[in-house]
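Take a look at the letters that make up each chain.
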Amino acid sequence: QKEVEQDPGPLSVPEGAIVSLNCTYSNSAFQYFMWYRQYSRKGPELLMYTYSSGNKEDGRFTAQVDKSSKYISLFIRDSQPSDSATYLCAMKQAGTALIFGKGTTLSVSS
Amino acid sequence: GAVVSQHPSRVICKSGTSVKIECRSLDFQATTMFWYRQFPKQSLMLMATSNEGSKATYEQGVEKDKFLINHASLTLSTLTVTSAHPEDSSFYICSAGDRVLPDTQYFGPGTRLTVL
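Protein sequences, first through last, are from chains G and D.
The numbering of the first sequence is my numbering, which starts it at 1 and goes up by one.
The numbering of the second sequence is my numbering, which starts it at 1 and goes up by one.
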């Protein structure tokens, strides 16, 4: 079993839809959870950063971490064509490098 | 926000030559920098972790003599691909850990290496 599992999609939604992206993980020692957005041929851009469990909201984006289920989510409200990208979940223990999921490719059509 | 730059953004070289890629943290000090490799439609694979002033720690399967990493200052790390071969063609991305928030990583824009 891989440390971080993420469905690669692709996921296609119409503009304005609510998007739900998810990852599961196996290492209960992970403490830091992040979501990155990556456009084609570009480096990943940090979207959300969460320490331990709970919810975090930033504009149209909400990140949720459920450590008891080893499950994290990213919700995108009112999705826009500009949200079309690959979304990578990533997590880590303190002082270690990030471990990434495979990424989910999202396409938002206008 | 924290900015990480990489240079060059794209490089094409002949087989057998060496290529150096620079990674700079522009507005923060990075005690730790990470080098990743990404193949098309794949996730990022960690190659090595470098701490300023010390030797890099390489992931299993990554040849340290082929991928030379130098982290000379708190804002600069370099990756040199020595004697490059076509199978080294890939997208190389660096990231830097913020000294103030050490568990946050900011990524550079990546360098696309093509070895002919």
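Please note that a few of the clues may not be correct.
Now the in silico label distances, taken between C-beta atoms and shown as ranges [stated by the list, open to error]: (1) G:S40 to D:V3: 38 to 46 Å; (2) G:N27 to D:P40: 26 to 34 Å; (3) G:E15 to D:S89: 21 to 29 Å; (4) G:S40 to D:H7: 14 to 22 Å; (5) G:S20 to D:K64: 38 to 46 Å; (6) G:N27 to D:N51: 17 to 25 Å; (7) D:E63 to G:E15: 27 to 35 Å; (8) D:R112 to G:G9: 22 to 30 Å; (9) G:S40 to D:D27: 36 to 44 Å; (10) D:C13 to G:S52: 42 to 50 Å.
Partial selection, computed: residues in chain G whose CB lies under 7 Å from chain D [what the hints assert, rightly or not]: (11) A29; (12) Y32; (13) F100.
No lab work stands behind these hints, which were simulated from the structure alone.
Remember, predicted model here, so these are calculated numbers, not experimental data.
Note that the Cβ used here is the ideal one computed from N, Cα and C, for glycine as well.
Can you list which hints this structure breaks, lowest number first?
Violated hints: 1, 3, 7, 9, 11; rest satisfied.
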